[in-house]
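Chains as they are written, first to last, in the UniProt record's numbering: chain X, 1 to 541; chain Z, 1 to 186.
FYI, nobody ran anything at the bench for these hints, they're computed from the structure.
Residues on chain X that point at chain Z, a partial pick, calculated with CB under 7 Å:
1. Val92
2. Phe96
3. Phe98
4. Glu99
5. Pro139
6. Ile160
7. Thr164
8. Ser165
9. Met167
10. Val169
11. Ile170
12. Tyr174
13. Val177
We put the CB at the ideal spot given by N, CA and C, even for glycine.
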Amino acid sequence: MCFIIFKYHHKSCCFEPFFRKLLALSWARAPAACLNFNCMLILLPVCRNLLTLLRGSIQCCSRTAARQLDRNLTFHKLVAYMIAFHTAVHIVAHLFNFEYFMDAQLNRNSSLLPFILSEIGTGDNASFLNPIRSNETNPTIVMFTTIAGLTGVAITLALILIITSSMEVIRRSYFEVFWYTHHLFVIFFIGLVFHGFGRIVRGQTAASLKTNIPDVCADQFEDWGTNGSNCAVPEFAGNPPMTWKWVVGPMILYVCERLVRIYRSHQKVVITKVVMHPSKTLELQMKRKGFHMEVGQYVFIQCPSVSRLEWHPFTLTSAPEEDYFSAHIRIVGDWTQALYEACVGDKTEPQEAWKLPRLAIDGPFGTASEDVFRYEVVMLVGAGIGVTPFASILKSVWYKRIQNNQDVFTKKIYFYWLCPETEAFEWFADLLQSLEGQMTEKGMTDFLSYNIYLTRWKETEAAHFRVHHEAENDPITGLKQKTLYGKPNWDNEFTNIESKHPGTKAGVFLCGPPALGKSLEKQCLSHSEADVKFIFNKENF
Amino acid sequence: MGKIEWAMWANEQALASGLILLTGGIVGVAGQFRGWQFAAYAVAAGVFVCLLEYPRSKRSKGTSVERSGQYCFTVCVKAFGPLTRNYYVRAFLHAAICVPGGFMLATVLGCVCLGIASLIYLVAAIRGEHWEPILPRKEVRKPITESIKNPPQNPPPRPPAEIRRKRVDDLEGAAYDNPISVTDNE
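Just need the whole structure built from these sequences, with the hints factored in.
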């Protein structure tokens, strides 16, 4: 799309052919047009509430279209790369432009068209063409004394800082730096809108085009305005700024988005229960008036007493059928550590409810897991902490099928949990144990088939497993289903499921590392033959 | 996530600035702009900064992610010892390198970006960070633990071969008791 815009501008900058004679301005204007387009697009994928709204309304029409909205962050990054690229081309082109403009002023020779063109408008300082008005300056000074130059420098610096702090290494390790620096986009957009306000790009006025036709008069520049010539001296005026027309819509949408988030943050959220799980996992059970969630959704949590500006995403681990909503938070960084201290601290006796910190919740926002119940056969794969969204799904399954005995479309769930260490099992293992018990009671043991894979173990642990191999319950989880060691053989698993459920659409849901995602996607594609279709959904933060 | 190591961001910023300086310099030289000598300097400075900043430092906490092929650069940078280890030196070096870039439009952007990187390095230095090379970990041979005893020298005690031979017609009679009891070695 950008390429098309680029070619259009490059070929048909017909409204200022004199500019073309002066320099290759089209090389700067084309990426500028692309930049307008991209800057319009970049704000849209991060309007989470808008996307959830869209997702809900599109779902009735087409599930595939709705699923594309899950890739909003990828789209945002792609558009950002395009912005960076076009900025680079734009700047390089302008470097050449400035140089040629300067040359035009410095080579003060009346037999050169560029000089004659530069002399136009020296008297009234209005109808000029060359933005560099005198020969006693240099491009750097001009850059810092024009609106376009100043805003250009400011927004380029903002863009570079945003990009360097968004590198994967920085983003994954120090989210705060990434998040705060990213807010430089405010400067970026303000600067972008004002970039064209100086009207530094000049075009021949419509009136002047009648008296001086460029194609005809360009070669007769020595006779302009003299008696006997049918070419008057051309007059130029600045082109009005265009960028604001492109970006004002998305900017308004984004402002609305932030207002929605602020409104939501002021709604009262009550912490009803705080549970401390082993291996530094904190469970918060909360209530908020009018909160309604679906399976597998996530929320942003803010704790003003810890930090007024930080909102962190957490998957909801409770089912929609419960009267509270909960999130399991692993304590790994500054913010989570401070949250833990505010909620629990070192106190061992029960806390008074009013002593618990105030929280704000933004969301819930939907992700791919909402689609789980639309498939007849479902494969859920969670790696390590990535199993959290599936906690919500399994609980919901339990409530629907077993307690309410509702008829659910989903007939069979295959659950795979890949874990590198035994410590991460506890709270989830509890859930699985209770599910197991309930299923045995109701005689529905074949509804859910789960496989837990321990992918790494220590020598001492291995000895323990060997000895207790014959025990009825698994030595690690206490579940009847034995823990398996190593990584699953996906080919076998897929073939197995294929043979057991011919003629169905099976949904594959993953929450885990990208490498696993790629291999699962490949398996889905290779095993999707005529009768069984595997549809791959990935969730990522 | 942990406490921010400013040097990591300074490193990304400095590498980006090096590339920008290099690009600006190439444009200046190729277009034969006025002041192209500054552009030529910028090319050299840009290359130098990129080479210096390419190898990532080892993080003091957490796993370090190397850039691809950075090992040879790590070795070169490590060879300068305290000059490259200390971030104060890097901060002032970058500040000094960026100054000539400010004299020409094509390199001004690289100059400012490098200046910002220099400031972040200064913050990192004040906070006591320093550059550590990421070297490949030497395989530590685990000493053979005591649980692996000497393998047995003799075969296990068994009755003579005639009794051991499989007698398909009389399976019950073919079974025999081990003369020595077998216990698990705990």
